[in-house]
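There are 2 protein chains.
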Amino acid sequence: MTDRYRTLRTTIDERMPRWTEELVEFCRIPSEASDIGALRAAAGWTAERLRRLGATVDIVEVPGQPEVPPLVVGEIGEGPRTLTMVQHYDVQPAAPHALWTTPAYEPAVRDGRLYARGATDNKGEMLSRGWGLEAYLEAFGALPCRIRFLIEGEEESGSAHLDALLDERADLRRADGALIEGGGVDALGRPVLTAGARGGVSVELVCRTLKYDAHSSLATMLPSAPIRLVLALASLYDADGVPNWPGLETGARMPTEAQLAAIAALPTEDLDATKAEYGVSAFIGGREGTAAWHADAFAVTCNIQGLWSGYTGPGGNTILPAEAHARLDMRIIPDQDPATVMAALRVHLDAQGFPDIEMQTFEGDEPAYWSDIADPIVDAAAAASEAVFGQPALRYVSMSGIVPMYQVCAHHGVPMTTLGGATEDCRAHAPDENYPLSGAADAAEVTARFLDAFAEQG
Amino acid sequence: MTDRYRTLRTTIDERMPRWTEELVEFCRIPSEASDIGALRAAAGWTAERLRRLGATVDIVEVPGQPEVPPLVVGEIGEGPRTLTMVQHYDVQPAAPHALWTTPAYEPAVRDGRLYARGATDNKGEMLSRGWGLEAYLEAFGALPCRIRFLIEGEEESGSAHLDALLDERADLRRADGALIEGGGVDALGRPVLTAGARGGVSVELVCRTLKYDAHSSLATMLPSAPIRLVLALASLYDADGVPNWPGLETGARMPTEAQLAAIAALPTEDLDATKAEYGVSAFIGGREGTAAWHADAFAVTCNIQGLWSGYTGPGGNTILPAEAHARLDMRIIPDQDPATVMAALRVHLDAQGFPDIEMQTFEGDEPAYWSDIADPIVDAAAAASEAVFGQPALRYVSMSGIVPMYQVCAHHGVPMTTLGGATEDCRAHAPDENYPLSGAADAAEVTARFLDAFAEQG
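Chains as they are written, first to last, in our numbering: chain A, 30 to 487; chain B, 30 to 487.
Since the hints were made in silico from the structure, they are not lab data. All clues stand as given, with none of them false.
The list makes no distinction among identical chains, and a pair is therefore deemed to hold if it is satisfied within one copy or across any two copies.
Think about it this way: if two alpha-carbon atoms lie no more than 16 Å apart in a straight line, the pair counts; the simulated EDC-like pairs of lysine to aspartate or glutamate are:
| id | residue 1 | residue 2 |
| --- | --- | --- |
| 1 | LYS240 | GLU453 |
| 2 | LYS240 | ASP301 |
| 3 | LYS240 | GLU306 |
| 4 | LYS240 | ASP454 |
| 5 | LYS304 | GLU453 |
| 6 | LYS304 | ASP215 |
| 7 | LYS240 | ASP461 |
| 8 | LYS304 | GLU317 |
| 9 | LYS240 | GLU352 |
| 10 | LYS240 | ASP385 |
| 11 | LYS304 | ASP454 |
None of these values were measured; they are calculated from a predicted model.
Same shape as in the complex, but just chain A (with noise of 0.2 Å):
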């Protein structure tokens, strides 16, 4: 390590605590989607630590749609280069309340990991970006170059004002490169670099056979929308789970040679350490080593994350349900267009008997993005990466999670990569999300180093 970032890191360390405290106040908020008044409180709290770092902050609003929340732009910095660090203060339901060892809201810290809804995802993230540009400005006084936050508050559900909110200001698609909005190691501490981000379709089918639910024993004659729904979800799969149905892949992009060689070169232990970590002997498909990368990067998902139907409280209810319901979430690659993945599940439940199941939107899609896996921020990123962490970094054609970069990015034709200090036990999305604070601190310094490799690319 340098003495220049030497310096940097003691800032980090000692002001840890104090950010820590500041991130517990963050996580409080509770700002799901479902709750407005949250998502506003959230906003706020974003505008007003972007503001003590330094910032210009202007919050950008839907015009005549109070109900969608803004997009916090917070700009910083001087320089010919700009980066753009997208994130959001929005987050994922914390439902089921009941598997969290200690409540989603109530942020709590054991065995140096940061506990709460938000606490990796995105807040945690973000803030850690900001610390490392604190902690750059203490340490050398003046930021390298310019610095864009976009900040979101519908990333969880879809993004669906975001294209909206941008076009608001006509530079704010305008950067040199972009932060996408997490990053970390992998489960043996190498750093993970993606250059993509995936696109997501989502849907609810909904299935209804009766007029009101009926009493069990008419299962001698009446349809069940219990047992139509499943007929019609087993009709996408594969006996291995995997999904088969046409359309699914429609529009899929072909890999290139840089990013099949990129996934060559990923360590086949991590996928050991997957299986570890989720508790399961082997992966869907038959999918191993490379062939498992492959899928991680390319293979289009068709996931049931929620399904319910007749009654699910305790003990029993002899009735036979009127009503089914699955929500399903595909995550697509460039170049698949979401509303001809959407019409080809469609086509697919009408010609397999199922023209009655609804398809209900439940939030927005997106459209994937790839950006060159050997451009020279993600080399930058490599860079600062490998300092911190000691360890050689690897890179992902894609983020497996679905971010709006291709509303951010695109229009430009935008590189992007990822950073950060995240570990794969974070359990985004899933109770017991957390943050490991020793992370959190190589996440800031990892920022600071990239700002000096990024601006020197210029």
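Could you slot chain B onto chain A? The hints should help.
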């Protein structure tokens, strides 16, 4: 109507307002299986009501098991013949509460019907029989036979302790005839009599694929609990939703000639009424006319009464669920053995590649029971019912409901029947369960008239 029964009916009609208040009071007790306090309150209310009728009451407990709701035994009347009236004071869970027009445990009268959980099944039906006895005593001074009420508190959850409770007193299963808990008229007002009861087998299928919920991006690799459960469930049904797994019908007794003749005599317009009531255009498996009645009597069902996995709240939550659950209830017929059916399901799931899917018991199982559809007790019920409703009675092989007549009647081959005033739109077990008050009065009259016919058969 003879003068004898004119007086009786006048008494019934005069007392209906007071009796309705009594039913309202009874239905306020939320005697669901999960609430032993409410169950004991309902048992106490029942005992007190029987005492007011003039019955000798015996509260039978399973020794040393205060968590088991007691059997309330009420005895009244003298004569050479004994009639058992099998009833229950527990109710199905009222959830989902949001689907009720008025709260399930705040009984409300609208358009001549009392709406509440238990209004028909079985609090209303139980009281109607008591009211019939009260009117008979008022009109004629003494009952023509011995009556024994057997009123349990676990009927809706499988009567797990009824055998043990009946064993507590040697004479409790001795009788010359028995009334099954309810009964009523079809959509055209024709009395429906049944001489059998389905048995039931219940099982919760539990699929666990992960230690905890994963982020749905891992759907490229990790096995999904809801997808696995969907595939397992789909293996239980044909394309039309008719269960077809090997072993479901193991042990089923062949229909008798008398049963087949009874089925052939059933009116197909009732089937149309059922379709209209539930808003369906066709029954499953192409079952129409006599084939539908045959299924009603003899087809073994495999109903999905509840199904759940992952996130089911508002909005979405991009998780890959670690667990999925389905509760099945199967309605079996004589001479099927519940344990054998359950074992066959296990064999089927294993053979289909789902040995990991657990089978958990959630309520008691019961064998089915049929008595002779041509027994004189059915003639007595027919005579009483035809006199009150003015239409010829229909004879069904079996109730489609699961009631514990095997436990009560099989030891001594006691013949049995139904009778009552419920209508097809009473919504038993469903939200907005209701009991037509005119039907309640009719049920009381039918009960009283039946006593004469039954006593004369001695």
